[in-house]
Amino acid sequence: MSFDEEMKNALKTFTLESLELLQDMEEHLLNLEDDEAPAERINAIFRAAHTIKGSSGVFGLTHIVAFTHVVESVLDELRGGRIGVGSELVAALLPCCDHITLLVRNVVDGRTEEDAALTAEGKQLLDELNAFTQAAPADKAVTEFKCPREQLQKLENDSVKDGNWHLSLRFGADSFRDGMDPLSFVSYLRTLGDIVQLVTICQALPPADEMDPETCYLGFEIELKSSAGKAEIEGVFEFVRESSIIRILPYGSGIGEFIELIDELPENLSYLGEILVAAGAITRHELDDALHHQQNKMQTAREQGNAEAEAAVPALGEILVKYQAVSEPVLNAALEKQKQVKEKKNQEAQSIRVDAERLDKLIDLIGELVIAGAGVNLRSRLFADEGLKEMTGETMRLIEEVRDGALQLRMVPIGTTFSRFQRVVRDVSKELGKGIDLIVTGGDTEVDKSVVEKIGDPLMHLVRNAMDHGIETADVRLACGKPARGSLTLKAYHSSGSIVIEVSDDGGGLNRERILAKAVERGLIQAHDVLSDHEVYALIFEPGFSTAQTVSNLSGRGVGMDVVKRNVTALRGNIEVDSRLGAGTTMRIHLPLTLAIIDGFLVGVGKATFVIPLDRVIECVALPEDAGEREYMDLRGEVLPLVWLSQVFDVESHQQRRHNVVVVEHAGNKAGFVVDRLQGEFQTVIKPLGKLFTYIKGVAGSTILGDGKVALIVDVPTLFEFCERANRHAEHALPAPSHAS
Amino acid sequence: MTAMAKTHEGLPVTPSSVSADGGQYLTFVLGGEVYALGILNIKEIIAYGDLTEVPMMPAFVRGVINLRGSVVPVIDLLARFGKGCTSIAKRTGIVIVETSSEADDNQDIGIVVDAVNEVVDIGRREIEPPPSFGAGIRPDFISGMAKRNGKFVILLNNARVLSVDEMTALSGMSHGVPAGE
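Same order as they appear, the protein sequences are chains F and P.
If you use my numbering, the first sequence closes out at 741, no skipped numbers anywhere.
If you use my numbering, the second sequence closes out at 181, no skipped numbers anywhere.
Some hints here could point you the wrong way.
What follows is a set of in silico ranges between Cβ atoms, one per label pair, in the way DEER data are often shown [what the hints assert, rightly or not]:
id, chain 1, residue 1, chain 2, residue 2, range
1, P, 50, F, 427, 27 to 35 Å
2, F, 4, P, 134, 50 to 58 Å
3, P, 46, F, 621, 39 to 47 Å
4, P, 82, F, 695, 17 to 25 Å
5, F, 23, P, 46, 31 to 39 Å
6, P, 129, F, 376, 34 to 42 Å
7, P, 46, F, 383, 56 to 64 Å
8, P, 49, F, 724, 31 to 39 Å
None of these hints come from the bench; they were simulated from the model.
Yeah, the Cβ is synthetic: ideal placement off N, Cα and C, and Gly gets one too.
Extracted from the complex, chain F is given alone in its bound form (with noise of 0.2 Å):
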C-alpha cells in the first residue's frame, strides 16, 4: 500500500470516526440542559471537540483545527466552571457542532481545502460563542466543582478552607532515642506554609510513674496553609516515615482538585493505586504501604488455609481508606474512574466495526447454505438410511441456527435514529413557538439496520407533523385544561416478530368530521357512506389530502402522509391511526424485524409455486365447488373478490376442480388469491429480482425453494392496485395495449 493510500485510508477513518464523536457531542449538547450532574456530559464534550481539534491536526486540515480550537477553548471554560450552563449556550454550540460536521463531511467528499464561504459562516459562529466566553461574570463561576466540594465540607469539617493540608502526625515511639524531635518538624513545617491549627494529641502519655522520658508518646492534628504538594510535605517526614505513622490529607478545594485531576487522568491508569499516586492523592510510600499490608493479609490467610478469610481481606481501597491515606470521595473518585476505564475496554472488547457488505456477503452465502441444506435434505428422505437422515436433520438445525446468529448480526439498536430526534423537536418546537418535550422509550429494541435506515423519513414526517398539527399553542393547551408543554413520544417495542414504532402526541387528536369533509369535497367517498373510524382515519393517507388550515413550511401541504405509507409498505410494514380528538394522536407503525427473510406461505398454481408473505395471510379455505370462474365468493355472508393467481400470473393450471382460496388482507382490504395447492409455511431469505424487473407488478422479490428452484414471492399491496387497475380497465371497457415486443 502506498504512503498516498495509507494516508487515504487513516482519513476515511478519522472521519468516520469525527462524524461519531459530533453526533455523540450533539446528543450531549441536547442532554446537557437537564443533566444534573452535566461534569460527565460537559467532559465528554470537550474529549470530542478534543480529539477532533487533534485529529485534524495531523492531516493538516487547518480550517478545522482554527475553528474547533476556539470551540474548545469554550468549552474548556464551561469545564472549568469559569461559564455556567444555559440554553443560550447550548443554543450557540449547536451550529458550531453543525458546522465541524459540515466540514468534516467536505473532507469525505474529497473537500480537504478551506472553503471561503465556509469560514465565514464559522466565523459568524465564532462570534457569538465567544460572546459567552467574554460576558462571563465572575459570580457565575461556581458551577461545577460546587456538588463534591459541598459534600466534602459536610464530611470533613466546616472550618477547613482551600488550599489546605491536614495532617496526622503520631510519632514513632523511638523517635527521640533517634535523634528527631517532633517540634524540630513542626518548625520545618512552617517553612512550606503556614500552620493554621495545631493540636497535640497527648492521649498516648502514660501515667507519670510509668513514662519513660526517652520514649515519645506525642500526636499532632496540623492544618497547614501550603502551597506545597503532597509528596514535598511528606519529604519533611522522610526520616521517621519508618517509625512513625504519618498521614496527609488535602482539604476543601485541594479534594475538589483531585477529583478534578482523577478525572483527567489518561484512561490507561486503571490500577487503583496507580491513579491515587497520579493524582498526588497519596504517594507511592503510601501505596506500597498499602500493598504490602495486603500481600500480609492474603498469606497469612493462605497460610491457614482459610478461604473465607481469603475473601475477606479487605480490598486495596479499604485498606487505604483505614489508614487514612485517602479520603473516601477521593477514593470512590478514584474507584469511578477505575470502572470508567474497565467498562470502556469491555466496549471496545466487545463490539467490532465491521464492512456492512461483508456482512451482507456472509449473510447471503448463508442463506445459500441454508438452501443447499434443504435440498441435501430433501435427497436424504430417498434413501432408507436412519443414521443419515439423523445427520442431515442435525445440520439442518445448525445451519438455521447459524442463519438466526447472521441475521442477529445486521440487529442494530432503534435508538441511534430516535437520538436524531432530539435535535429535530427541539429544533423544530423553536420555530413553531411550542413547548414541546421528547420522549423516548425502547430505545435499544433491536431491528435490523436495513429497516433502520430506511425508517428514519417516514418517522421525520410523522414527528413533525405531530409537531406542527398534533400539538396545540400553549394558550389553546392552557384553555383545554392540559400543561403547556406539549409532549410527543417516540416508543418501539417488539411484537410478535415485528417491531412496532409509535408516534404519540397529547395534541388535538384527528378531526373525523373535518377529514370526511374534506374526503367528500375531494370524492374520495360519498356524503351519506358509513365509515368506521378506522377507515376514516385511513382517509388521511391519500395522496394529497390535508385538513391543515394553514400552510406552513413544515408541512400542511398534503404531501407527506401518503409517502410515509408508501414507505412503510415499501418495508413489508403497516401504519395504523389511533385517535381521540382533543386527546392526541398515536401512529403505529409495524414493520418486520428484517428485511432479509420472510415468513412466506407456499402456493402452487399449475407448474409454479408462489410465496404470500404470512402476515398478509389470513386464513385458507377451499372453494366452493359450485363458484365456478365466479370474481367473487361468499366468505361466511362477507363478499370475497377472488383473484385467479393462474390469470393474473399467467400460468397454465391444469386443474379443473378442488381449487383453494387463501385469505389475504392488505389496508382494511380483503381478497381471496384463488391457487391450485397449499403447501405450507416456509421461512426462506429473499432475493431481489434485479434492475430488469424494476417494472413488474404483483411481484416482490423471489426466493429459492429447497429443490432449487426458484419461486416468485407475491407482493400483495401492488398485486391489490394491479387488480383495481385492471379492473377499471375493464368497466371503461378499454382494452388496454398489450405490446410484448
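Assemble the complex: chain F is given as a structure, and chain P must be docked to it using the hints.
For chain P alone, kept in the frame of chain F given last:
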C-alpha cells in the same frame, strides 16, 4: 467468492459501432444462425432447466434461474431479435454473461441458445464491419461479421444486445395488463 470462471477483470467490452477486436469468441447456434460472443464476459455455460417464468414480462425475458444461490434472469435472444421464441430441445443451454448497466453494478444474465459450438480465435483481419441492413437483426446489435469455414458468423455487440437499461425500459412499456387477458 464462488468458483466462477471469471475470465478477465470482468470488465465488459463496449465497442458500440466500431468493428470488433480480434480475440476469442464463443460461437453458438440460435434459430439456425451462428452467432458469437466475446469470451471475456462469459462466465459459464449450463444446461437448460428449472427455469421459473416471471409473469407480466415481455417475451424476451424467459424467466429466472437459480445459479448457485443467486437469481439470474434468462433472456431469449431470438425473441429479443423479434424472431419468435426459442424452442427447448435436448441441446438447449444457457450462457451466463456478465453485463454492466449505467448504475455500474454488474449483473449476470443468462442467454438461451439452441446449442453451443466452440471457442474460436478470430483475428482482427477476419472481421468485417457490420452491414447496415440485411443481417436480419438490428445493426447496432452487431459488432462485426466474421468468416469461418466459408460461412458468416455474427459477432454480437454484448453491451447493446444485453443492455439491462434498454430491456428494463422495454418491459416498463409493455407491462400494464397481464399478457393473459
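The hints, checked one at a time:
1. P:50 x F:427: 27 to 35 Å: violated, 56 Å
2. F:4 x P:134: 50 to 58 Å: holds, 54 Å
3. P:46 x F:621: 39 to 47 Å: Check passed, 41 Å falls within 39 to 47 Å.
4. P:82 x F:695: 17 to 25 Å: holds, 20 Å
5. F:23 x P:46: 31 to 39 Å: violated, 48 Å
6. P:129 x F:376: 34 to 42 Å: Since residue 129 (chain P) and residue 376 (chain F) have Cβ atoms about 53 Å apart, the given range 34 to 42 Å is violated.
7. P:46 x F:383: 56 to 64 Å: violated, 27 Å
8. P:49 x F:724: 31 to 39 Å: About 37 Å separates the Cβ atoms of residue 49 (chain P) and residue 724 (chain F), which means 31 to 39 Å holds.
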